[in-house]
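Chemist: Protein chains in written order, with my numbering: chain L, 1 to 336; chain U, 1 to 318; chain B, 1 to 277.
These are computed hints drawn from the structure, not numbers from a lab. Quick caveat: nothing in here was measured; it's all calculated off a predicted structure. Keep in mind that a hint or two might mislead.
Mimicking PhoX-like on lysine-lysine, the simulated pairs with C-alpha atoms at most 25 Å apart in a straight line are [what the hints assert, rightly or not]:
{"id": "1", "chain 1": "L", "residue 1": "133", "chain 2": "L", "residue 2": "249"}
{"id": "2", "chain 1": "U", "residue 1": "59", "chain 2": "L", "residue 2": "235"}
{"id": "3", "chain 1": "L", "residue 1": "161", "chain 2": "L", "residue 2": "133"}
{"id": "4", "chain 1": "U", "residue 1": "201", "chain 2": "U", "residue 2": "29"}
{"id": "5", "chain 1": "U", "residue 1": "187", "chain 2": "U", "residue 2": "236"}
{"id": "6", "chain 1": "U", "residue 1": "199", "chain 2": "U", "residue 2": "85"}
{"id": "7", "chain 1": "U", "residue 1": "199", "chain 2": "U", "residue 2": "248"}
{"id": "8", "chain 1": "L", "residue 1": "133", "chain 2": "B", "residue 2": "234"}
{"id": "9", "chain 1": "L", "residue 1": "161", "chain 2": "B", "residue 2": "234"}
{"id": "10", "chain 1": "U", "residue 1": "235", "chain 2": "U", "residue 2": "248"}
{"id": "11", "chain 1": "L", "residue 1": "52", "chain 2": "L", "residue 2": "62"}
{"id": "12", "chain 1": "L", "residue 1": "249", "chain 2": "U", "residue 2": "201"}
{"id": "13", "chain 1": "U", "residue 1": "235", "chain 2": "U", "residue 2": "201"}
{"id": "14", "chain 1": "U", "residue 1": "59", "chain 2": "U", "residue 2": "85"}
{"id": "15", "chain 1": "U", "residue 1": "29", "chain 2": "U", "residue 2": "125"}
{"id": "16", "chain 1": "U", "residue 1": "125", "chain 2": "L", "residue 2": "133"}
{"id": "17", "chain 1": "L", "residue 1": "249", "chain 2": "U", "residue 2": "235"}
{"id": "18", "chain 1": "L", "residue 1": "235", "chain 2": "U", "residue 2": "85"}
{"id": "19", "chain 1": "U", "residue 1": "77", "chain 2": "U", "residue 2": "59"}
{"id": "20", "chain 1": "U", "residue 1": "294", "chain 2": "U", "residue 2": "29"}
{"id": "21", "chain 1": "U", "residue 1": "201", "chain 2": "U", "residue 2": "248"}
{"id": "22", "chain 1": "U", "residue 1": "125", "chain 2": "U", "residue 2": "187"}
{"id": "23", "chain 1": "U", "residue 1": "59", "chain 2": "L", "residue 2": "249"}
{"id": "24", "chain 1": "U", "residue 1": "125", "chain 2": "U", "residue 2": "85"}
{"id": "25", "chain 1": "L", "residue 1": "133", "chain 2": "B", "residue 2": "14"}
{"id": "26", "chain 1": "U", "residue 1": "235", "chain 2": "U", "residue 2": "85"}
{"id": "27", "chain 1": "U", "residue 1": "236", "chain 2": "U", "residue 2": "85"}
{"id": "28", "chain 1": "U", "residue 1": "235", "chain 2": "U", "residue 2": "294"}
{"id": "29", "chain 1": "L", "residue 1": "249", "chain 2": "U", "residue 2": "199"}
{"id": "30", "chain 1": "U", "residue 1": "187", "chain 2": "U", "residue 2": "197"}
Here is what each chain is made of, one letter per residue.
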Amino acid sequence: MSLLRYIAIRALMIIPTVLVLYTLVFIILRVLPGNPVLAALGTKNIPEEQLKALMSELGLDKPLYQQYFEYLFNFIRGDMGKSMIIRGRPIASDILDKLPATLELSIWSIMFSLIIGVGLGYLGAGVRSEFVKTIIRLTGSIVFVIFIPALGLGLQLVFSKYLGLLPTGGRLTTIGSLKPITGIYTLDALIQLNIPVFIDALKHIVLPAFTLGLVISGPYMRLTLNNMEEILESKIVEAYHARGIRESKIRRHAFRHVLIPITTYTGLQFALLMGGAVLTETTFNWPGIGTYLVDKVMYRDYTAIQAVVIIFAIIVGLTSLIVDVLYALIDPRVRY
Amino acid sequence: MEILLVNDLWVRYFTLSGVVSAVSGVSFKLRRGEMLAIVGESGSGKSTLGLALLNMVPKPGRIIRGEVIFDGVDILKLDLHEIRKIRGSRISMVFQDPFTTLDPLRRIVDQFEEFLIEHGVDRAKARTIVREYLEAVGLSERIMYSYPHQLSGGQKQRVSIAMAIALNPEVIIADEPTTALDVVVQKQIMDLIDNIKEKYKSSIILITHDLALALERADTIMVMYGGYAMEYAEKKELFNNMKHPYTKALFEALPRILQRDLPRSLPGYPPDLRNPPPGCIFHPRCEFAIEKCKREPPPLIEVSRNHFVRCHRVGELL
Amino acid sequence: MPSVLEVIAVLKNKYILSGLIIVLIFVFMAILADIISPYSPVEAVGPPLHPPSRLYLMGTDNLGRDVFSRVIYGSRIMLMITAMAVVMSGAIGTVLGLISGYLGGLLDRVLSFIMDSIYAFPSLILAIALSVALGPSPINAAIAIAVVYVPTYFRMVRGQVLSIKNETYIEMARALGLPSTRIVLRHILPHVTRTLMVVFSMNSADAILTEAALSFIGLTVQPPTPDWGFDLYKGRGFVLAGMWWIMLFPGLSITLLAVGFALISEGVSTLISSQKR
Numbered sequence: 001m002s003l004l005r006y007i008a009i010r011a012l013m014i015i016p017t018v019l020v021l022y023t024l025v026f027i028i029l030r031v032l033p034g035n036p037v038l039a040a041l042g043t044k045n046i047p048e049e050q051l052k053a054l055m056s057e058l059g060l061d062k063p064l065y066q067q068y069f070e071y072l073f074n075f076i077r078g079d080m081g082k083s084m085i086i087r088g089r090p091i092a093s094d095i096l097d098k099l100p101a102t103l104e105l106s107i108w109s110i111m112f113s114l115i116i117g118v119g120l121g122y123l124g125a126g127v128r129s130e131f132v133k134t135i136i137r138l139t140g141s142i143v144f145v146i147f148i149p150a151l152g153l154g155l156q157l158v159f160s161k162y163l164g165l166l167p168t169g170g171r172l173t174t175i176g177s178l179k180p181i182t183g184i185y186t187l188d189a190l191i192q193l194n195i196p197v198f199i200d201a202l203k204h205i206v207l208p209a210f211t212l213g214l215v216i217s218g219p220y221m222r223l224t225l226n227n228m229e230e231i232l233e234s235k236i237v238e239a240y241h242a243r244g245i246r247e248s249k250i251r252r253h254a255f256r257h258v259l260i261p262i263t264t265y266t267g268l269q270f271a272l273l274m275g276g277a278v279l280t281e282t283t284f285n286w287p288g289i290g291t292y293l294v295d296k297v298m299y300r301d302y303t304a305i306q307a308v309v310i311i312f313a314i315i316v317g318l319t320s321l322i323v324d325v326l327y328a329l330i331d332p333r334v335r336y
Numbered sequence: 001m002e003i004l005l006v007n008d009l010w011v012r013y014f015t016l017s018g019v020v021s022a023v024s025g026v027s028f029k030l031r032r033g034e035m036l037a038i039v040g041e042s043g044s045g046k047s048t049l050g051l052a053l054l055n056m057v058p059k060p061g062r063i064i065r066g067e068v069i070f071d072g073v074d075i076l077k078l079d080l081h082e083i084r085k086i087r088g089s090r091i092s093m094v095f096q097d098p099f100t101t102l103d104p105l106r107r108i109v110d111q112f113e114e115f116l117i118e119h120g121v122d123r124a125k126a127r128t129i130v131r132e133y134l135e136a137v138g139l140s141e142r143i144m145y146s147y148p149h150q151l152s153g154g155q156k157q158r159v160s161i162a163m164a165i166a167l168n169p170e171v172i173i174a175d176e177p178t179t180a181l182d183v184v185v186q187k188q189i190m191d192l193i194d195n196i197k198e199k200y201k202s203s204i205i206l207i208t209h210d211l212a213l214a215l216e217r218a219d220t221i222m223v224m225y226g227g228y229a230m231e232y233a234e235k236k237e238l239f240n241n242m243k244h245p246y247t248k249a250l251f252e253a254l255p256r257i258l259q260r261d262l263p264r265s266l267p268g269y270p271p272d273l274r275n276p277p278p279g280c281i282f283h284p285r286c287e288f289a290i291e292k293c294k295r296e297p298p299p300l301i302e303v304s305r306n307h308f309v310r311c312h313r314v315g316e317l318l
Numbered sequence: 001m002p003s004v005l006e007v008i009a010v011l012k013n014k015y016i017l018s019g020l021i022i023v024l025i026f027v028f029m030a031i032l033a034d035i036i037s038p039y040s041p042v043e044a045v046g047p048p049l050h051p052p053s054r055l056y057l058m059g060t061d062n063l064g065r066d067v068f069s070r071v072i073y074g075s076r077i078m079l080m081i082t083a084m085a086v087v088m089s090g091a092i093g094t095v096l097g098l099i100s101g102y103l104g105g106l107l108d109r110v111l112s113f114i115m116d117s118i119y120a121f122p123s124l125i126l127a128i129a130l131s132v133a134l135g136p137s138p139i140n141a142a143i144a145i146a147v148v149y150v151p152t153y154f155r156m157v158r159g160q161v162l163s164i165k166n167e168t169y170i171e172m173a174r175a176l177g178l179p180s181t182r183i184v185l186r187h188i189l190p191h192v193t194r195t196l197m198v199v200f201s202m203n204s205a206d207a208i209l210t211e212a213a214l215s216f217i218g219l220t221v222q223p224p225t226p227d228w229g230f231d232l233y234k235g236r237g238f239v240l241a242g243m244w245w246i247m248l249f250p251g252l253s254i255t256l257l258a259v260g261f262a263l264i265s266e267g268v269s270t271l272i273s274s275q276k277r
């Protein structure tokens, strides 16, 4: 089937998955014992009428199934409900505000992880020593289980406190001079050719992106190394050799084959990236949806937490789709 | 005049479970325009021999002895840069499995052009040459812009052949070019190879397990077993005067139209090359084996002009 | 039951051996905490924010408590929560996987879809949502982590069941009229056990990191309980002011324990793949 139909069908598949997660979270947050408002407000001593008024305001006095469907329909129209904590504050605007920050962190982290992970794997495939190859594979396994806040704090200590090279947190120190277009500050600064702000934004994102990127890079090392080895011993490469093609070109063609498992893996592990992003944002005070979630968690703002979960479900679905499309672009056998 | 001369070639694989002697002391000559068929079962070393001619024996294998003299030069002694220039352009190879020898991720035209350009063909002319040679092997221009998985096995093999002849090589090594294809396509491909031999005067080394095919198409035949060359003769001479027990066994294993009984197959199994039997490597399966065969490996004996046999009893047996 | 020879062969594997040693060190640390810990982890025993010295091997935190003691006792909570979570999710996931895989049909389709949806979702975020809803406590944290990892076991077990289900000897068992439960338990389960080992070890590493993450957000224990992730969370501000010891030792412990399990998982999978050959 054509590429377009393939994309359309895959896009539609996201909906049931999101519904499953929404239902799950809804059940967990609403059906479990305890009055959410009380939990949110942290006290048990509120006069009856005030409690009733609050609950009615938040729509919590309606029957559960009504709440379920109403929230869903509202969500589709862009209304993610209002925060339980900050009276009347729409969640949607907060989330949309912070989304670009998380997006920026994710993109930079993936870039770092690919450079480190795929880079090491590719180089490792060209090495003769089995020992070096084992070291690379082992490094991949170990790096993957590093506790992100520990690494983050460590890097902050070294680069911020002791070397004073980089800031400890946040996205910019000179926020005034940047007109955000996409919300991705590094990109915006670049577009506007605002070099000082670009460098500032860069300095802020280096540590968080490197931290997350390093941890995520682990599996790529082994994946790339093993696949490159396999392909270099395959008949396809043997045929290239028999035709007298030079080694560097052959490696490049081999790499194209390796892109297939790399892309597949990226799609599968994007969820892990999201989890890691939450930890990274918390460690570096990076104002993205991760910190938003953690803040809301501390204050028990259930509606906001619910909305964030749905957003993440959608994000994961979309990225999985994008990865599938990329895969189809690399491997013509899927397309025709 | 000889275009290729192979002298006492030995190839060994150094594996974790032992050393395998895949090619043991093989020598032969190839003249211009001659088709030599190298016939043998799986494990006879014929494919390794083919790769060795281009110094392409894969790890953990190594050529430990011998020369491959092409146009006066021992190409085994050339460095990577120099032998690269020969591969594909002066000595080319067609592989057995068409499904894995074309890169599935790239279009035919891109792979073909790259190959030509890599060997110095002018960029502008490359596409024309691609078209020309695809036509020469009987493929339409449409094929150029397709991906390998969109072609049939026969078509893919034709593309490989087209690439193998595009630079007018002096020698073409065809390793079981038709084994993966059905019988009808087999004939087409072999006819194509014959045509090429005629038209371009290339020498062809046909590696095959099919003695019948060899007898049909080749000028000279070399029969291999367990890494050794057992018999070598021109086609007619071999057909009329088969001397080696193994060759005879292979011949008798061929089904024949007017035959009443089933063809006789050879008892026993191919030798374990990590631990080969002493003496003549064929003796465990040879109905004529005597004491000497179990102790001494037989030398290659010239029984008549250009007819060599490796057997102790070649004088006495008919 | 594995024979002595098999156990020795397993232990010869370098990865499994080193991983096991690391894990066992922490296990003993947890068991013998009362004996080996120099001070109580919850009382102030020295000047606050004191760097590592002979008296306080890993320094003191902002409340004057000995970090070394807290690290030792912290292993208890960490191992307890992780063990509970892994056992729960392993048991539930395996059982569901066996049932769903063996019975097939609509039940299988629906269950698989739900499991796949959860599996695809970021585990940490789901664990956070669950923890919040249940209320922060070690047991609730274990439950949250367990729920998140059920799909991992489910998928793996179900996959194995599906591939074995149609093999001839199972058909024979059915033809002989053996009851389903027996077929499943006696014939299918043993084969699943091998891959289960790999998933188990890798999952433990994940669970440790998830527990630490939940603690880092404050969702597992309450002060003054010693917990590595929680200490990292409380000590963050001080670390950035230069008191590196508050972060390094708990952080290292988390990573080291996770590395231990990762090594075991690495070793087990190499063993299995070499056995298959």
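Chemist: Hint by hint, note whether the structure agrees.
Modeler: Consistency of the hints with the structure:
1. L/133 x L/249: This hinted pair holds, its Cα atoms lying about 22 Å apart.
2. U/59 x L/235: 13 Å, holds
3. L/161 x L/133: 35 Å, violated
4. U/201 x U/29: 16 Å, holds
5. U/187 x U/236: 21 Å, holds
6. U/199 x U/85: This hinted pair holds, its Cα atoms lying about 23 Å apart.
7. U/199 x U/248: The given pair, whose Cα atoms are some 34 Å apart, is violated under the 25 Å limit.
8. L/133 x B/234: 40 Å, violated
9. L/161 x B/234: 19 Å, holds
10. U/235 x U/248: 14 Å, holds
11. L/52 x L/62: Cα-Cα ~11 Å, so holds.
12. L/249 x U/201: Outside the cut-off at roughly 32 Å; violated.
13. U/235 x U/201: 19 Å, holds
14. U/59 x U/85: 22 Å, holds
15. U/29 x U/125: Since the Cα atoms of residue 29 of chain U and residue 125 of chain U sit roughly 35 Å apart, the hinted pair is violated (cutoff 25 Å).
16. U/125 x L/133: Not OK: residue 125 of chain U and residue 133 of chain L at ~43 Å, beyond 25 Å, violated.
17. L/249 x U/235: Since the Cα atoms of residue 249 of chain L and residue 235 of chain U sit roughly 42 Å apart, the hinted pair is violated (cutoff 25 Å).
18. L/235 x U/85: Holds, at about 20 Å.
19. U/77 x U/59: 18 Å, holds
20. U/294 x U/29: 30 Å, violated
21. U/201 x U/248: Given that 25 Å is the threshold and the Cα spacing comes to 32 Å, the pair is violated.
22. U/125 x U/187: 32 Å, violated
23. U/59 x L/249: 20 Å, holds
24. U/125 x U/85: Roughly 19 Å separates the two Cα atoms, so the pair holds.
25. L/133 x B/14: 16 Å, holds
26. U/235 x U/85: Cα-Cα ~33 Å, so violated.
27. U/236 x U/85: Cα-Cα ~36 Å, so violated.
28. U/235 x U/294: 30 Å, violated
29. L/249 x U/199: 33 Å, violated
30. U/187 x U/197: 15 Å, holds
Consistency note: the structure conflicts with the earlier hints numbered 3, 7, 8, 12, 15, 16, 17, 20, 21, 22, 26, 27, 28 and 29.
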